[in-house]
Amino acid sequence: GENVEQHPSTLSVQEGDSAVIKCTYSDSASNYFPWYKQELGKRPQLIIDIRSNVGEKKDQRIAVTLNKTAKHFSLHITETQPEDSAVYFCAASIRNDMRFGAGTRLTVKP
Amino acid sequence: EAGVAQSPRYKIIEKRQSVAFWCNPISGHATLYWYQQILGQGPKLLIQFQNNGVVDDSQLPKDRFSAERLKGVDSTLKIQPAKLEDSAVYLCASSSAGNEQYFGPGTRLTVT
Chain A
1 GENVEQHPST LSVQEGDSAV IKCTYSDSAS NYFPWYKQEL GKRPQLIIDI
51 RSNVGEKKDQ RIAVTLNKTA KHFSLHITET QPEDSAVYFC AASIRNDMRF
101 GAGTRLTVKP
Chain B
1 EAGVAQSPRY KIIEKRQSVA FWCNPISGHA TLYWYQQILG QGPKLLIQFQ
51 NNGVVDDSQL PKDRFSAERL KGVDSTLKIQ PAKLEDSAVY LCASSSAGNE
101 QYFGPGTRLT VT
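For the protein sequence lines, the chains are A and B, in the order given. For the first sequence, the numbering used here assigns the number 1 to the initial residue and increments by one for each residue that follows. For the second sequence, the numbering used here assigns the number 1 to the initial residue and increments by one for each residue that follows.
Calculated directly from the structure, the hints in this document are not laboratory data. Hints may contain errors.
Unchecked claim - Below, a list of computed lysine-lysine pairs in the DSS-like style, where the Cα atoms sit at most 25 Å apart:
id: 1; chain 1: A; residue 1: Lys71; chain 2: B; residue 2: Lys44
id: 2; chain 1: B; residue 1: Lys44; chain 2: A; residue 2: Lys22
id: 3; chain 1: B; residue 1: Lys62; chain 2: B; residue 2: Lys83
id: 4; chain 1: B; residue 1: Lys11; chain 2: A; residue 2: Lys42
id: 5; chain 1: B; residue 1: Lys44; chain 2: A; residue 2: Lys42
To be verified - Derived contacts from chain B toward chain A, CB cut-off under 7 Å, selection only:
id: 6; residue: Thr31
id: 7; residue: Gln41
id: 8; residue: Gly42
id: 9; residue: Pro43
id: 10; residue: Asp56
id: 11; residue: Asn99
id: 12; residue: Gly106
We treat Cβ as the ideally placed atom computed from N, Cα and C, and that holds for glycine.
Between the sequences and the hints, there should be enough to build the whole structure, so can you do that?
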């Protein structure tokens, strides 16, 4: 089955800096790659996603890139703010069968 | 649009006891998922339903876990008997034709 690895497990940045989280997947048939943000004690919330026919997608301060050949995708957050502090999960999906990475705890220091 | 509803929000039981969780997906969403999220880890898929049929239950510990979605809407997940390692948050999610999954608030289970 699909295996998703996520790095780093923790990331600390200064407010205003950029943050990058990387994921790799194993099954080349995966065609949907969402990113979720989970604040402490709350449900995962979809923040951005990308499909396999697209290489990059941007939504304000958040962008995701996908390299199908290398089977990796990344989340980029620019101009980080303290409210970006949370755990971020990547996932890879084949026909709605979604596998999650282990998560990255992002801390943005004011 | 109302979100995914789950109950109870919290449950504390002793090992070897039974417990059941309930999920009501977003109206019209044919696909329903149950995930187990252990503290510090990503959600792990337990079972996926398409309407009232099981699509994937390969990671469901079938000796103690069971789930059903009889009328293709609400779903229940049961653990019988519970073990200490079942302590986790159980998340329900639903999706429609696209891949986007929307999560419920989860049920935090503590097994003592």
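Tell me, in ascending order, the numbers of any earlier hints that this structure violates. The structure conflicts with no hint, since it agrees with every one listed earlier.
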